[in-house]
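With the hints as extra help, turn the sequences into a complete structure.
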Amino acid sequence: MTDPLLQQTLKGVFRLAAPEIALIGTACVVFLFGCMYNRRWLWFAVSLAGVGLAAILAGTVKTQMPAVVTAAPIIPDTAAAFVRWVAIITAAVLVFVSWGEVDGANAAEYYGCLLVAAAGVSLVGRANDLITLFLALELLSIPTYVLLYLPARSKLNQEAAAKYFLLSVMSSAIMLFGFSYLYGLTGSTNLVVITDTVTKAHAETLNPMALLAAVFVVAAMGFRITAVPFHFYAPDVYEGGPLGVVAQIAFFPKVAGFVALARVLGLFASDPRHIPFDAYTQLPLLLWILAIMTMCVGNVLALLQDNIRRMLAYSSVAHGGYMLMGVVIASSLPDVNPDAKNQPGIGGMDALLVYLVAYGMMTIGAFAVILFLSTPDRPVESIDDLAGLGRTHPVSAAAMAIFLFSLIGLPLTAGFAGKLLLFIGAINAPTHTTEMRDLYRVMAIVAAVNAAVAAYYYLRVIGVMYLRSPIRQPSDSRAYPTALAAVVLAGATLFFGIYPQPIVKAARNAAPVPATKATVANPKQ
Amino acid sequence: MSTFPVVRVLVLLLVLLPLISAVLVPLCGRLARRVSLVIASTHLVLTGVVILAATETLSIRAAEEIRIRGDIEAQPFHPEFVPGDTGGRHGNEQRTSWTLFSLSAVPAKPGTPGPNIQFYLGIDGLNLWLVALASFMIIPVILVSWESITEKPGAFYGWLFLLQAGVVGAFLAFDVILFYIFFELTLIPAFFLIGRWGVGSGRRDAARKFFLYTLAGSLLTLIGVIGVVVTNPHPATGQLTFSLPDLMVNVQHHMHNAHQKALAGDPSDLAARHTTQFWLFVALMAGFMVKVPIWPFHTWLPSAYGEAPIGVTMLLSALMAKLGAFGILRLVLPLVPDAAIQYGLPVIGSLAAFGIVYAALCAFASKDMKMVIAYSSVSHLGFLVLGLFAFNREGLSGSVLHMVNHGLSTGALFAALGFLLERYRTTEMNRFGGLMGRFPGFAFLTFILVLASIGMPGLNNFVSEMMMLAGLFNARNPGVQGLGLAVVAALSIFMSAWYMLTMVQCVFFNPLKEPEPVTAVAAPDVTRREFVLLGTLVSLCLALGLFPQLLINTMKADVRVLSIVGDSARARVQGVPYVYEDEAPPPPLVSPGPPIGAPGPKGKGGGFKGKGGKGKNPLIGEEE
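Order-wise, the sequence lines are chains A and B. Just so you know, the working numbering puts 30 at position 30 of the first sequence, and the rest follows in order with no gaps. Just so you know, the working numbering puts 394 at position 394 of the second sequence, and the rest follows in order with no gaps.
Rather than coming from a laboratory, the hints here were simulated on the basis of the structure. Hints are not guaranteed to be accurate.
To be verified - Stretch-level coverage of chain A by chain B, calculated; a stretch enters the list once three of its residues show a Cβ under 8 angstroms from a Cβ in chain B:
id, segment
1, 38-50
2, 138-151
As the list claims (entries may be wrong) - Just some of the chain B residues that point at chain A, by a computed CB distance under 7 angstroms:
id, residue
3, ILE181
4, ARG208
5, LYS209
6, PHE211
7, ALA216
8, LEU220
9, LEU501
In this text the structure is predicted, and so the values were computed from the model without any measurement. For every residue, glycine included, the Cβ atom is placed at its ideal position computed from N, Cα and C.
Shown next as structure tokens:
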């Protein structure tokens, strides 16, 4: 530990995580004083202030890449910045959304856990070490268990919490198992070292143990991104959990899961042409199968649902499948022939990030609308509960319709921009590797057919809202912050649908597509 | 040209005005229908100005471009009055600088070509009259809905305008993704218009079916569009482009190179490109076949047309149905020309021909006048698709003209049904009879519309149908399908006379029979509003029948571009070198007989172009 650069690297860690520290610090204050003051407004304001402080720190604290990347547990690259902003903004939105279901008794715990979870997501984005990554993922999971248990009054709530807890713990175990293999193979917990070593090893022969480790990691992340067959908890948790928490579970673990997957697979590396598991290994094929299964199963099962929460759960499974396309596409990058001068318009990860943001807006928005309409004595459970919403709550119905159209992927909504990028990426991916051949394009077609199938159940909700007459009294919900969040999200969905450039730019900045002039040609060609 | 900037803004307004009104009209409450009539009229005036400016520019260009030989360089579509164009003057290629989002790795300077999805609108000969149609038809729709829409009229007219914005935008778009965006945008208003204001009990299912069916098709179209973009990068720089004119040039370039290689003895490249084109053709056509619709993808249509309120049915038949045909014209023909030659007539054409007969029989068997006209629309549109895939000058200009004509006459027929609906709330044929004596004015106007729809000389459909037939009889299309299909198409004209006149006979002649009227007072003959409505449509049908040359002249340059694309594709498919043939100077061997005599050996195509043009003019002369 005498190397001054190394010392500098390790000391600089706190500076790199300042906003996360602010979030967790606020959470500590909230937890601490929560037992003395039971006021919803107070903790709402304090948490919002904490998020604001985090945003200010994220915007102002100047960071630079640590001197020794191979030893740094945290790195502030562009992808990390993107994830951090997503986490902070989502935290702010969720603070508003959850207003509708927080009561004075548990406000402090609720908001505190929310902030910790957001910090966890943000840290996942910048983790450069298996240990940091694991801790960050747990920082996201543990508050979620608490959140699920907080209002657990009915059997359904408790079942949801228990199910989530058990499966989450199991997935963490699987992940650790995979991590141990990676450590054993490379002798380091640093992700840069791991990806570099494995890539070099794979240039000669494929290491089956590395593949096995990757499979374990994919399985563990599959739980977080609700990939089939790791999705079984989703419908029950979405049905039984408190709506605000469900909105968070639908988004935060997905962000964390995809980002962690990309980190371990080296897809966010400085040059994604050198990834440990490229299209010549079987891993992209596995991810391909996972993507196809996830979207097909999610959509088909969503067709059968009458409960809107379960429907949204399966829909979120299906969207996880679309997003997995991005990871599959990213694995094709090393094969882009640098001489073809054919710019890969899309690198996969950038499309995934755009889709992730769009998905977050529309899914959290949809849950926000349902939360706003639900009152304790009259919860919105089945799709029929929304009948005639167009007449009784025109604004909520309009917002919901925008989210649903966006989930369908109709133009002028953010969902379309995401799908378009994924489709372009999939069709543009090179087809000459023997393992993948035309599978990228097949994937695009399967996704298109799936999108058409998905339209059926989303449209059903729209039909119920607008084409049927109301069957119950309009709800007298007063959760105006929730409604505000829903309206803002609807506006954002439309805005980024019409003018997606800001998100696309940010995502491409975060996960840059390798320029045509690759410095080193693919060693396998 | 100092008017250019002004017209550019007007072109932009053609899309923006309906979009803005879609938001504003619902706020007007009681006044909505009046406000929307004013807005629609304003839109029509704007379109009128654009047409005035454009016809002049387009005719100048047509005269100029005829002199450029078609084999020197591949010519793309040539949009004029592009909003957001930075430098372009008249004559230069115009491209917009308004980028929606960019896929380039390095931020490109605005205005430079790159993989950008752009807000690229423009006027050319192919879309000008369709935009005019879209702008005009909204007025009859508002008038037809004047009394009948009582529930939330503001929202109704708002959705109408959104639908119009989508249709106009799709017509104007020159960016393939932008086209798709507008193409899909029409689904949402149509869904609400059918589902909320529909007349039948099955309206919700009809709306849902329409939406899902069309969406499923058009998602595959999206894949096809992206596929075309990805497989046709710029030959030198490898850059992807979403701009339709650039894509056309790229496609032509790649195909030309492959063709040269094939002629030199290496057909593998051409074969590979043909295979790619086949799959792209399938994907692209998936959406358009549903939208047109072509049998067997028409099953959404009877329920959607039947359940929708009459004004919406007018819009669906006059405008929405054109989107599918326009998509074939705008995307399929120029972007996958070889597949369009190989599989267009043989496969799609056969389906369309079968659909023509099938729909005609369905129309004859229908008991409801609304369904008769709906099926007649399917039948006519099949004919239109045949004309498009003939892929030659006569077929293409006939088809474009027929899009306008068919929109006008079918829309007008539905408007005429609106007259009956307002008085009796039904259009069932059995319950009517002898209306001739009851409503002489109405009967007179409807007669003319029916005759126009049948294709009576002197009325609009006749001209375009004859041109499409001329295109189909052109024997340069490989195989005999062209002829067989032409016979079926000709048969369809006869069949349309059969079912339409049967309907007229049943409703207007026979002893007087009328269902329960809506009001206690005896229903009056055409009111002033209805007279203006139907009278305008009738006179437009007449005007287009007598003076189609204006329309044909403006589209000449762009039809020529497409037909050259078609000719070179034909040469590639047949494996012969492409020889450029032009209509000027008119070859002396042409005899001005009816085009049916035209079929001849493949090689002598040079004369045929002239023949199509010639064969048409005398016919028009006869009418006058």
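Review point. Taking 7 angstroms as the limit, does the beta-carbon of B:LEU220 come near enough to a beta-carbon in chain A?
Key: holds (6 angstroms)
Check your understanding: Counting residues of the segment 38-50 of chain A with a beta carbon closer than 8 angstroms to any beta carbon of chain B, are there 3 or more?
Key -> Coverage by chain B is violated here, the residue count being 0 at a Cβ distance below 8 angstroms.
Practice item. Under 7 angstroms, Cβ to Cβ, is where B:LEU501 needs to be relative to chain A, so tell me if that hint holds or is violated. Key: violated (38 angstroms)
Practice item. Return the status of the interface hint for B:LYS209: holds when the least beta-carbon distance to chain A is below 7 angstroms, violated otherwise. Key: violated (10 angstroms)
Exercise for review: Under 7 angstroms, Cβ to Cβ, is where B:ALA216 needs to be relative to chain A, so tell me if that hint holds or is violated.
Suggested key: holds (4 angstroms)
**Study point:** Given coverage of the segment 138-151 of chain A by chain B, tested with a Cβ cutoff of 8 angstroms and a minimum of 3 residues
**Key:** violated (count 0)
Review point. Is the interface hint for B:ARG208 satisfied, with its Cβ closer than 7 angstroms to some Cβ of chain A?
Key: With Cβ-Cβ at 6 angstroms, under 7 angstroms, it holds.
Exercise for review: Classify the hint on B:ILE181 as holds or violated, based on whether any CB of chain A lies nearer than 7 angstroms to its CB.
Suggested key: holds (4 angstroms)
Review point. Given B:PHE211 as an interface hint, is the shortest Cβ-Cβ distance to chain A below 7 angstroms?
Key: holds (6 angstroms)
Checked against the numbered hints above, the structure breaks hints 1, 2, 5, 9 and satisfies the rest.
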